[in-house]
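Using the sequences and the accompanying hints, generate a full structural model.
All letters in the sequence shown, in the order written, are residues 1 to 623 by the numbering used here.
Keep in mind that the hints were calculated from the coordinates and are not lab data.
Under the rule of at most 25 angstroms between Cα atoms (straight-line distance), these lysine-lysine pairs were calculated in the DSS-like manner:
| no. | residue 1 | residue 2 |
| --- | --- | --- |
| 1 | K83 | K257 |
| 2 | K392 | K313 |
| 3 | K83 | K131 |
| 4 | K435 | K482 |
| 5 | K257 | K130 |
| 6 | K83 | K583 |
| 7 | K392 | K325 |
| 8 | K57 | K83 |
| 9 | K325 | K310 |
Okay, the calculated beta carbon distance ranges per label pair:
| no. | residue 1 | residue 2 | range |
| --- | --- | --- | --- |
| 10 | V81 | L416 | 53 to 63 angstroms |
| 11 | K325 | Q391 | 19 to 29 angstroms |
| 12 | L539 | G340 | 43 to 53 angstroms |
| 13 | L416 | A565 | 23 to 33 angstroms |
| 14 | L371 | E535 | 28 to 38 angstroms |
| 15 | S329 | L416 | 18 to 28 angstroms |
| 16 | I538 | S568 | 36 to 46 angstroms |
| 17 | A46 | G551 | 51 to 61 angstroms |
| 18 | Q78 | P405 | 51 to 61 angstroms |
| 19 | Q420 | S568 | 31 to 41 angstroms |
| 20 | L534 | R157 | 33 to 43 angstroms |
| 21 | I538 | A46 | 50 to 60 angstroms |
| 22 | T54 | Q536 | 45 to 55 angstroms |
All C-beta atoms in this analysis are idealised placements derived from N, C-alpha and C, irrespective of residue type, glycine included.
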Amino acid sequence: TRDPATGSSEPYGDYLPRSQGEDVVAGIRNTFTLDKLAELHPGPHAELLEVMGTLEKHYRDMCDIEFTIENDELYVLQTRVGKRTGEAAVRLAVAMVDEGLIDETTAVARVEPAALEQLHRPRIRPGSRKKALVTGVAASPGAAVGRVAFTSDQAVRMAEDGEPVILVRPETTPEDIGGMAASVGILTSHGGKTSHAAVVARGMGKPAVTGAARLLVDTSARRATVGPVDINAGDEITIDGTTGRVFVEPVELIEPKEIAELSRLLAWADGIRTMGVMANADTGEDAARARERGAEGIGLARTEHMFLGKRLKVVRRIILADDPKQRDSALEELERLQIGDFEALLEAMDGLPVVIRLLDPPLHEFLPSRLELEQEALRRVRAGRPIDDLQKMSESVARWEEDNPMLGLRGVRLGLMLGQLYRMQARAAVTAASKRLAAGGDPRLEIMIPLVAAVEELRRMRTMIEEEIADAVNSGHDLHVKIGTMIELPRAALTAGEIAKEADFFSFGTNDLTQMTFGLSRDDAEGLFLRDYLEQGILTSDPFQTLDLEGVGRLIRVAVEEGRAANSDLVVGLCGEHGGDPKSIALVRSLGLDYVSCSTPRVEGARLAAAQAELTLEQPVDR
1 TRDPATGSSE
11 PYGDYLPRSQ
21 GEDVVAGIRN
31 TFTLDKLAEL
41 HPGPHAELLE
51 VMGTLEKHYR
61 DMCDIEFTIE
71 NDELYVLQTR
81 VGKRTGEAAV
91 RLAVAMVDEG
101 LIDETTAVAR
111 VEPAALEQLH
121 RPRIRPGSRK
131 KALVTGVAAS
141 PGAAVGRVAF
151 TSDQAVRMAE
161 DGEPVILVRP
171 ETTPEDIGGM
181 AASVGILTSH
191 GGKTSHAAVV
201 ARGMGKPAVT
211 GAARLLVDTS
221 ARRATVGPVD
231 INAGDEITID
241 GTTGRVFVEP
251 VELIEPKEIA
261 ELSRLLAWAD
271 GIRTMGVMAN
281 ADTGEDAARA
291 RERGAEGIGL
301 ARTEHMFLGK
311 RLKVVRRIIL
321 ADDPKQRDSA
331 LEELERLQIG
341 DFEALLEAMD
351 GLPVVIRLLD
361 PPLHEFLPSR
371 LELEQEALRR
381 VRAGRPIDDL
391 QKMSESVARW
401 EEDNPMLGLR
411 GVRLGLMLGQ
421 LYRMQARAAV
431 TAASKRLAAG
441 GDPRLEIMIP
451 LVAAVEELRR
461 MRTMIEEEIA
471 DAVNSGHDLH
481 VKIGTMIELP
491 RAALTAGEIA
501 KEADFFSFGT
511 NDLTQMTFGL
521 SRDDAEGLFL
531 RDYLEQGILT
541 SDPFQTLDLE
551 GVGRLIRVAV
561 EEGRAANSDL
571 VVGLCGEHGG
581 DPKSIALVRS
591 LGLDYVSCST
601 PRVEGARLAA
611 AQAELTLEQP
621 VDR
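Take a look at the structure:
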């Protein structure tokens with residue numbers, strides 16, 4: 001009854017004379033439009049339009065109709081609510097409100113939140129018959145065409161020459177951030193929807209396909225293969241992060257268009273929801289974009305993302321310094337940079353909360369691998385060049401290596417063992433807030449301590465941060481800084497009553513909480529066996545995409561209830577990847593959380609999902 005691709009109110013359809021319905025849908029013959037039907041059969045055409053109007057009024061939605069004409073008489077065979085694109089869904093919902101067919105609440109409930117993320121991304125033109133070479137995990141929506149680069153440095157160089165680049169890696173690491181930023185899309189052979197490549201790509205608003213297991217990537221040879229097909233550096237490929245497909249040729253894309261109706265739909269959603277929606281953002285630019293999308297603050301600023309690129313050398317000086325003076329010098333340099341980072345975030349979100357998480361990952365992530373160092377040493381030996389510096393670096397890397405670094409010296413443990421680093425970050429955040437106050441701003445700084453398992457860890461960190469706040473207050477700045485923790489360990493959830501006495505807020509880091517609860521590595525499981533678990537029905541859904549109700553959800557419920565019982569002012573949010581998943585948003589709303597935080601491209605969908613969660617909540621929870 002309307003255009004399912006654009007939402008236009010004009011009737012849309014295919015017609016073939018002297019044919020059956022199968023001939024129309026099979027795509028083997030060129031069909032006519034309904035205008036041609038009007039020429040051939042004006043009477044049935046007019047009757048068809050009348051039937052369309054009747055069906056729309058009855059179902060109060062766009063309808064898909066199958067009909068036939070025999071001896072110039074119209075027969076309607078069947079009808080159903082029509083499928084539509086995200087763009088059409090938004091336009092149709094708003095148009096039908098204006099036409100009086102539905103009310104605003106129905107319009108909000110009718111649009112799929114996940115579709116909104118795709119509205120701002122290029123997509124493959126519908127009807128394209130290009131054949132995909134390989135299919136992986138649809139990790140970040142949108143499509144991109146670019147030339148292949150197999151290393152981060154190569155991607156940066158190609159982008160500087162004006163080439164659109166697809167970064168192809170077995171998997172990405174923090175060292176690849178520069179190349180990821182320079183690329184228009186990312187493709188990896190390992191990983192899933194919560195791998196490093198997927199999370200960073202979503203945050204950057206770039207399409208990504210991960211876990212393309214048939215893609216064998218040889219970065220040293222700068223070549224990838226899928227069976228007999230070779231992909232070389234510089235080859236042009238297309239990736240579709242919405243479907244996970246990869247093409248070894250350019251495919252025509254459709255650029256996104258602004259949809260005026262979207263702001264009206266989201267305004268209706270905002271009037272319904274009671275749960276806040278914040279953004280995970282690490283730069284001032286990201287924060288500004290998030291605010292434009294309606295984010296009500298930053299729920300997670302990952303400081304480790306600020307340590308990469310050109311700053312990596314400074315971080316390595318801190319880690320590897322033998323002389324305390326060298327370490328202090330590097331810390332001072334990094335502190336100056338961090339002050340600028342935090343100022344930019346606070347300025348972009350002026351008047352709204354900004355939650356800065358102190359360093360979370362293990363320090364080994366900022367160091368080169370020993371294998372890479374050995375390979376570089378071998379190349380130098382062959383070229384007759386000295387390798388003393390590489391040997392020294394390799395020895396230092398060995399000192400920091402851990403058998404299981406994700407359960408090792410990271411998060412608050414790192415802050416306790418390497419106190420200068422956490423104190424520097426806290427001081428930089430407080431200094432940035434003081435500077436924003438002096439500039440007439442309204443900074444709402446909150447500092448979050450990651451990986452807390454015991455209340456004493458948080459107590460000691462809180463004391464250290466409060467010392468830095470006190471120094472700023474003594475300097476004449478009226479600062480009010482909230483201090484909280486990320487609940488990402490089962491023990492933290494089960495002892496939340498004690499931890500809440502030392503915390504102003506909880507933020508559930510459900511990426512790690514899911515890993516720890518299931519005993520799964522999210523980077524490995526999705527690529528190795530999780531798909532088999534889903535196909536065999538061992539699990540009903542991917543716990544890294546949709547929050548697990550029985551296990552992880554129960555831990556969250558316990559933590560919320562016991563945390564609020566101990567601290568009635570406790571603010572509770574969620575900042576894992578589940579914060580952008582509509583089903584997970586509905587779950588955490590039923591658990592009484594105050595807000596969710598998600599990557600910037602998912603903010604609009606989260607606003608809509610939070611409103612839909614409110615509509616389906618049987619017993620609203622008072623905030």
